[in-house]
Amino acid sequence: MISVRNLTKQFGDFKAVDNISFDVAKGEIFGFLGANGAGKTTAIRILCGLSKATSGSGTIAGCDIMSQSEEIKKNIGYMCQKFSLYEDLTVLENMELYGGIYGLTAKEIAARSEAMLKELDFGEHRNDLVGSIPTGWRQKLAFTVANLHRPKVIFLDEPTGGVDPLTRRQFWAMIRRTASEGTTVFVTTHYMDEAEHCDRVSVMVDGKIMALDTPSALIEKYGASSMDEVFRSIARNAVRNE
Amino acid sequence: MNRFLYFVKKESLHILRDTRTILVVIGIPIVLTLLFGFAISTDVNNVNVAVCAPHKTVSIIETVESLQHNTLFTFKGYIPQNEIDATLRSGKAGAVLVFDEDYDRILAGTAGSGEKAVQIVLDGSNPTVSASAGVYLSAMLNSIWGDSSQMDMIENHILYNPQMKSSYNFVPGILGLIFILVCAMMTSVSIVREKEMGTMEVLLVSPVKPIWIIIAKMIPYFVLSCINLASILLLAKFALGVPMTGSMAAIILISVIYIILALGFGLLVSTIAKKQVVALLISGMVLMLPIMMFSGMLFPTENLPVILRPFTYIVPARWYIDAIRKLMIEGLAFKGVLLEIGILTAMTISILRVALAKFNDRLE
Chain Y
597 MISVRNLTKQ FGDFKAVDNI SFDVAKGEIF GFLGANGAGK TTAIRILCGL
647 SKATSGSGTI AGCDIMSQSE EIKKNIGYMC QKFSLYEDLT VLENMELYGG
697 IYGLTAKEIA ARSEAMLKEL DFGEHRNDLV GSIPTGWRQK LAFTVANLHR
747 PKVIFLDEPT GGVDPLTRRQ FWAMIRRTAS EGTTVFVTTH YMDEAEHCDR
797 VSVMVDGKIM ALDTPSALIE KYGASSMDEV FRSIARNAVR NE
Chain U
6 MNRFLYFVKK ESLHILRDTR TILVVIGIPI VLTLLFGFAI STDVNNVNVA
56 VCAPHKTVSI IETVESLQHN TLFTFKGYIP QNEIDATLRS GKAGAVLVFD
106 EDYDRILAGT AGSGEKAVQI VLDGSNPTVS ASAGVYLSAM LNSIWGDSSQ
156 MDMIENHILY NPQMKSSYNF VPGILGLIFI LVCAMMTSVS IVREKEMGTM
206 EVLLVSPVKP IWIIIAKMIP YFVLSCINLA SILLLAKFAL GVPMTGSMAA
256 IILISVIYII LALGFGLLVS TIAKKQVVAL LISGMVLMLP IMMFSGMLFP
306 TENLPVILRP FTYIVPARWY IDAIRKLMIE GLAFKGVLLE IGILTAMTIS
356 ILRVALAKFN DRLE
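If you're matching them up, the sequences are chains Y and U in order.
For what it's worth, our numbering labels the leading residue of the first sequence as 597, then goes sequentially.
For what it's worth, our numbering labels the leading residue of the second sequence as 6, then goes sequentially.
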């Protein structure tokens, strides 16, 4: 579903993303790990079409990232670490807006948002302003909204930042459910316990992908007891900081 | 196009939900216009008048008595010559009646020609009040003297604001300011807010073309500005009695051009500013201040120091306010403001081009 070859993004002399290659299969949960400044965000921006790569190639859902970014945008969902719903709009109005942006008809929007609210068991709050809803719920809603147009790939940039452990568990249950329905999930996170929920993870250090495998294989390879240890032993060699 | 309408709806909801802001935006123009409307009310009552007389002759005392009986004036007592300025500055009196040493002889016509019998010194800091006070005082003196041919015996001397600008010159100024406030300031803040909140990223990832996001943002502010334009024009016409004999079509056309220009400024500011506060400051300092100083809104541009005068030519508000003044007050026809329309159109196009180029740059 995602296929990237030798992707590089250079700002002057600085290689934010240095020659990375990977593939992600349909329905896979792909964890994209790395310390701050390792180049994760730049890489995601390229994949989402917000930024152009300096060199390299890749496809997302069969569309070329260098030339078909408009096509790609129709097939992806995106949720970023900063809160991405409008606080002064109601839950339903937010859903309507995002559905509308992605070209769903009013009927489709109504049907899908009803179904999703029901699944979240959040129907009674449909007309509440998002600003009045607790953070955990907002993140879950933001995820739901990013899924409203049934994208083939959904990018989650640190979706669980600032969320309590219980909500994080619920959030990951939602991610797994979405993946099992065939959506590819591309997720970055700081929480290494979350990395263990991924099917495969990559660890980025100084713009390069230093490791890429299933969490259990990585734990075995590095003789560690958890992903946290794996991450620390890989990231130890980082030169860049912030 | 359907997607676009969802955006316009969203932007409208943002504005409508923010009751306080919308009240301010709709209310301020009305309040400003009405405030200036009251300022030009010519019913001036209770002008405080002090009298400076070297000798209190019978005729002077009689004149002061009729002053005291007149409901338009409040007599504030006699003051010595050297306190005239202090009395006016302190606000104890708005006008000082200065009798000449030879008052009686001048009245009797026995003094040399060209001598003035009375000097009226006015505090011109409020032009309307001082103008009226001057006229009232002259009229009163004339009625005492009983001969209008002696009018030239009064020397009117206006301090502090010799231009005596009429206050409804402010209506064009208010228009020039409000559109920058509503369009440039509000649009830039609203775009920068999305950047700050991170919602802009989400919009940019969506298949909607960035230019449509921006246009959708501008539409509600454009509508708001049109409401402001209508309310100010109606108030100016019916509450303030501004002549408005000029071409209404030209007033509306040039206002629309100016509104679009202000929206362009808003977009430009939003591409520079990273924080809402910065956007607010830039629109406030960089856009509003020149309008106040260089557009002729507060001070006639002719009164500026020569070095600063060229700046007025690059301030769009100057051309706009000039044109509106010509149309509203001087009552010129459409072709009287062709130059201003041309200049504003050119400015609008260049601002939009720069803003859009910068906007696209920033996306990369």
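Do not take every clue at face value.
What the hints assert, rightly or not - Under the rule of at most 30 Å between Cα atoms (straight-line distance), these lysine-lysine pairs were calculated in the DSBU-like manner:
hint : chain 1 : residue 1 : chain 2 : residue 2
1    : Y       : 670       : U       : 242
2    : Y       : 736       : Y       : 714
3    : U       : 340       : U       : 242
4    : Y       : 678       : U       : 214
5    : Y       : 611       : Y       : 648
6    : U       : 279       : Y       : 670
7    : U       : 214       : Y       : 670
8    : Y       : 736       : U       : 200
9    : Y       : 678       : U       : 340
10   : U       : 81        : Y       : 678
11   : Y       : 736       : U       : 81
12   : U       : 61        : Y       : 678
13   : Y       : 804       : Y       : 611
14   : Y       : 670       : U       : 14
15   : Y       : 703       : U       : 61
16   : U       : 61        : U       : 81
17   : Y       : 714       : U       : 280
Everything labelled a hint here was simulated from the structure, so no lab data went into it.
**Study point:** Hint numbers contradicted by this structure
**Key:** 1, 9, 10, 11, 12, 15, 17
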